[in-house]
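Chains as they are written, first to last, in my numbering: chain A, 1 to 118; chain B, 1 to 399; chain C, 1 to 106; chain D, 1 to 172.
In short, the hints are calculated from the structure, not lab data. Some hints here could point you the wrong way.
Here are the computed lysine-lysine pairs in the DSSO-like style, where the Cα-Cα straight-line distance is at most 30 Å [unchecked claim]:
hint : chain 1 : residue 1 : chain 2 : residue 2
1    : B       : K368      : B       : K319
2    : B       : K319      : A       : K112
3    : B       : K337      : B       : K319
4    : B       : K315      : B       : K368
5    : A       : K112      : C       : K93
6    : B       : K78       : B       : K50
7    : A       : K33       : B       : K50
8    : A       : K33       : B       : K82
9    : B       : K78       : A       : K32
10   : B       : K368      : A       : K32
11   : B       : K82       : B       : K50
12   : B       : K78       : D       : K136
13   : A       : K112      : B       : K368
14   : C       : K93       : C       : K26
15   : A       : K112      : B       : K50
Per label pair, the in silico range of CB-to-CB distance [unchecked claim]:
hint : chain 1 : residue 1 : chain 2 : residue 2 : range
16   : D       : S142      : A       : G104      : 24 to 30 Å
17   : C       : S3        : B       : A342      : 49 to 55 Å
18   : D       : R26       : A       : P34       : 23 to 29 Å
19   : B       : E83       : D       : I110      : 53 to 59 Å
20   : A       : F90       : B       : G303      : 48 to 54 Å
21   : B       : L43       : A       : N35       : 35 to 41 Å
22   : B       : L43       : C       : L56       : 50 to 56 Å
23   : A       : M93       : D       : R90       : 37 to 43 Å
24   : A       : A100      : B       : P306      : 36 to 42 Å
Example chain B residues on the side facing chain D (calculated, C-beta under 7 Å, incomplete) [stated by the list, open to error]:
hint : residue
25   : I85
26   : S88
27   : V126
28   : A133
29   : G136
30   : E139
31   : S185
32   : Y308
33   : I310
Think of the CB as a built atom: it goes at the ideal place given N, C-alpha and C, for glycine as much as any other residue.
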Amino acid sequence: MLNQWLYIGIFVVISVFLPGVAILLARILSPKKPNAIKNSVYECGVETFDKTWIQFRIQYYLYALVFLIFDVETVFLFPFAVAYNQVPLFMVMEAIIFIAILMGGFLYIWRKGALTWR
Amino acid sequence: MTISKWLGGLLSNWGVNDSWSTFILYLIGSAVLGTVALLFTLLFIWAERKIIGRLQDRYGPNRVGPWGIFQSVADMVKIFIKEHIIPSGVDPGPYHLAPIIVVASVLMVLAIVPLSTTLLGSDLNVAVLFLLAVGGLGEVGIIMAGWGSNNKYALLSAFRASAQMISYEIPMAIVLLTIVILSGSMSMNDIVLAQDIPFIILLPLGALIFFIASIAENGRAPFDLAEAESELVAGFNIEYSGLKFGMFYVADFLRAFISAVIFSTLFLGGWRGPGAESIPALGIVYLIIKSLLVWFLGVWIRGSLPRYRIDQMMKINWKFLTPLAILLLVVVMLAGKLVESAGSTIQAFTLIGLNLILLAISMWILRKNETRVEIIEVGSRDRPVARPDNILTKNPRGG
Amino acid sequence: MVSLSWYLILAAVIFLIGVYGVIVRKNSIAILMSVELMLNAVNINILAFWHYNTQLNGVIDVSGMVFAAIVIIAAAAEAAVGLALIISVFRRKNSVVAAEMNILKG
Amino acid sequence: MSVQQVIFISFALLTVFSAIMVVSLRNLFHAALWLVLALLGIASLFALLGASFFAAVQILVYIGAIAILLIFAVMLTRNIMSDEVTQTNRAWGLAVLLVSVIFFIIIGQISSWSGFSQPLSEFTYTGQETILALGKGFVSPSGFALPFETASVLLLAALLGGVYIAMDKGKE
Chain A
1 MLNQWLYIGI FVVISVFLPG VAILLARILS PKKPNAIKNS VYECGVETFD KTWIQFRIQY
61 YLYALVFLIF DVETVFLFPF AVAYNQVPLF MVMEAIIFIA ILMGGFLYIW RKGALTWR
Chain B
1 MTISKWLGGL LSNWGVNDSW STFILYLIGS AVLGTVALLF TLLFIWAERK IIGRLQDRYG
61 PNRVGPWGIF QSVADMVKIF IKEHIIPSGV DPGPYHLAPI IVVASVLMVL AIVPLSTTLL
121 GSDLNVAVLF LLAVGGLGEV GIIMAGWGSN NKYALLSAFR ASAQMISYEI PMAIVLLTIV
181 ILSGSMSMND IVLAQDIPFI ILLPLGALIF FIASIAENGR APFDLAEAES ELVAGFNIEY
241 SGLKFGMFYV ADFLRAFISA VIFSTLFLGG WRGPGAESIP ALGIVYLIIK SLLVWFLGVW
301 IRGSLPRYRI DQMMKINWKF LTPLAILLLV VVMLAGKLVE SAGSTIQAFT LIGLNLILLA
361 ISMWILRKNE TRVEIIEVGS RDRPVARPDN ILTKNPRGG
Chain C
1 MVSLSWYLIL AAVIFLIGVY GVIVRKNSIA ILMSVELMLN AVNINILAFW HYNTQLNGVI
61 DVSGMVFAAI VIIAAAAEAA VGLALIISVF RRKNSVVAAE MNILKG
Chain D
1 MSVQQVIFIS FALLTVFSAI MVVSLRNLFH AALWLVLALL GIASLFALLG ASFFAAVQIL
61 VYIGAIAILL IFAVMLTRNI MSDEVTQTNR AWGLAVLLVS VIFFIIIGQI SSWSGFSQPL
121 SEFTYTGQET ILALGKGFVS PSGFALPFET ASVLLLAALL GGVYIAMDKG KE
């Protein structure tokens, strides 16, 4: 098993290395003539105002929250899915109950309007 | 694979011990795969531009070389020697790292794809989860790009892109769950081996959901609202120039092909085909042909459909795809156990039938909730028009 | 060979870095990050002992894995609700500093 | 030193360094990015322990979801002033002292245990065995069916609570 992870690790290093080297090379080859106007923030020609790091709407957070919960749910169903062929029907029912409990919450937030983009 | 055996033999002849020779082999293999993938991207960029051009009744690139085939090479050379403009006030760490992370997160997927019977990068026993996890790394890269750029449009676009990517990961993960139920394993190679009948036949609805979700995950049209020109200028990569921008560009086109590879591995039987077991090289050819078909479908969709609005995009995911995927999962779980003792033919037909029934029901629900958009005629009737016989002074209501 | 003690010491170090963060940080989101570090340190411990147990008994020890899974689920729930609380407080008081969340003080 | 030891030490150092950055940086966004790196280091340690499933889950849940949620929250609650003011309270010297004392107490206590320096050998399980065992354990009534269902209820509570608290009440 470690061998497989070793390959993954090497692949990760390579896939960081290749674009990194390419960018570095291009950086060396390319001309460098910065000036204040070229380096200003692009905002369709309008002078930029205030800081960029302003606050954003709550809706993004809500989606991320719902995603987190469903992600965790799905991830822990994966071991069950692997074992699916070797367990009897009533154990499958347990997994379905697991899903059903969360679906109750899903319906609630749907009714509440958390899934509607505003 | 014979080449790797030969290389291994060569290394052990040189007196390199076993673990080091594995290491070196892995290094060479991954370096070759990564480089080939990056270079092939040039070809994909050209092909996609050409196809989109023809779909939209244009020529597409047609100047450099026959059929403009060297257009992307020329583009690459140009982008390579372009100046790297670093806007003032960027957050240097995230800004410089983001393009590398985005490309890496795309390339990393290749590590787990089985290319043929004997040539598989890594037979990881949690490959399916790895697939999903790498997507998460890409989100981090995009957020870094948006944050580091010190630009409001970029940040807003990064927010949109990451919200879209995380949303569409849910139906994707649930469909993957159904695949794991059918194959009984999370390793990609086992999934390919389990496909005596390709899963697209057993799970047509699952394949459809997965395909839509993967288009959305890649942020391609019709889900390309992270780079909606009219609203957000150009997306999270607005402040990037030179090869750093080129990296985002490459990642975009490469991801389209790699997700086609993943789709054909999961649903079309990967490298399997007549004679692929005995001749491993044939497996790679089959895989590439299947992936090209899926990729072409994606390009076709990109060339034909208009972009969704953000609320529509979220609605499609959370109020249609996710419930449908969960329903499919539960149905497959129950049906698989209920017809467990029956023969494999009956099992297959039950699955197909249930899939089609679910598909029909969902289509019916979609039809019922369809909102007809009233076409409003632009322009009013009594507007004074600049015509010699109808000038403003003659019109009593004019002006 | 890597021995069990290495993992235990590493877990202790990360856990204590987390404790330090919880004590010292003012921003409540930073405190939450430190709590995540502590939970991860716990998970390293659990999985190290899972490996140890499995190796000792020769059968796969399920309880260790289930324990680790529950820790991850609890961490997810904690992050979701904790951050929601912080955002909610922020909208009322325009502050995320933990010491200023004292509405309940008599 | 063997290859495994080198790998372990490098990942351990990476994790500890990033963890220190998480608790000491002023810029919260940077702290969150360092947290991502620390979580990656921990994920690779899980892989080294033979717990592939948890390595993948670590990346998927912690980096793909929790870290993203943290970053979103950092951006949502951003004060214009928050980078300039100091992020730590005055007790940091005391905290360092306390933490190091606790560290030596813990290590002193457990180092006397007989299994402390037990070397961990590599697992022979290469396929789906460990995941299969976990999956069966989750649903079998003699195993951990009850904790599994309770976890679902916990997630439900977190979903409802989180959405209820975070949502806009009254659109005035």
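Each hint, compared with the structure:
1. B/K368 x B/K319: Measuring from Cα to Cα gives roughly 14 Å; hence the hint holds.
2. B/K319 x A/K112: holds, 13 Å
3. B/K337 x B/K319: With Cα atoms ~28 Å apart, B/K337 and B/K319 stay inside 30 Å; holds.
4. B/K315 x B/K368: holds, 16 Å
5. A/K112 x C/K93: Measuring from Cα to Cα gives roughly 25 Å; hence the hint holds.
6. B/K78 x B/K50: The hint holds at about 19 Å.
7. A/K33 x B/K50: violated, 35 Å
8. A/K33 x B/K82: Given that 30 Å is the threshold and the Cα spacing comes to 11 Å, the pair holds.
9. B/K78 x A/K32: Distance of about 15 Å is within 30 Å: holds.
10. B/K368 x A/K32: violated, 59 Å
11. B/K82 x B/K50: Cα-Cα ~24 Å, so holds.
12. B/K78 x D/K136: Judged against 30 Å, a Cα distance of about 57 Å means the pair is violated.
13. A/K112 x B/K368: Cα-Cα ~22 Å, so holds.
14. C/K93 x C/K26: Within the cut-off at roughly 15 Å; holds.
15. A/K112 x B/K50: violated, 47 Å
16. D/S142 x A/G104: 24 to 30 Å: holds, 27 Å
17. C/S3 x B/A342: 49 to 55 Å: Hint holds: Cβ distance 52 Å, inside 49 to 55 Å.
18. D/R26 x A/P34: 23 to 29 Å: Between D/R26 and A/P34, where Cβ atoms are some 28 Å apart, the hint holds.
19. B/E83 x D/I110: 53 to 59 Å: Between B/E83 and D/I110, where Cβ atoms are some 58 Å apart, the hint holds.
20. A/F90 x B/G303: 48 to 54 Å: holds, 50 Å
21. B/L43 x A/N35: 35 to 41 Å: holds, 37 Å
22. B/L43 x C/L56: 50 to 56 Å: holds, 55 Å
23. A/M93 x D/R90: 37 to 43 Å: violated, 57 Å
24. A/A100 x B/P306: 36 to 42 Å: holds, 38 Å
25. I85: violated, 23 Å
26. S88: violated, 17 Å
27. V126: holds, 4 Å
28. A133: This interface hint holds because 4 Å falls under the 7 Å limit.
29. G136: Status holds, d = 2 Å.
30. E139: The hint holds - B/E139 has a Cβ within 7 Å of chain D, the shortest such distance being about 6 Å.
31. S185: holds, 5 Å
32. Y308: Status violated, d = 22 Å.
33. I310: Violated: closest Cβ of chain D sits about 16 Å from B/I310, beyond 7 Å.
Figure legend: structure checked against the earlier numbered hints; hints not met, in rising order: 7, 10, 12, 15, 23, 25, 26, 32 and 33.
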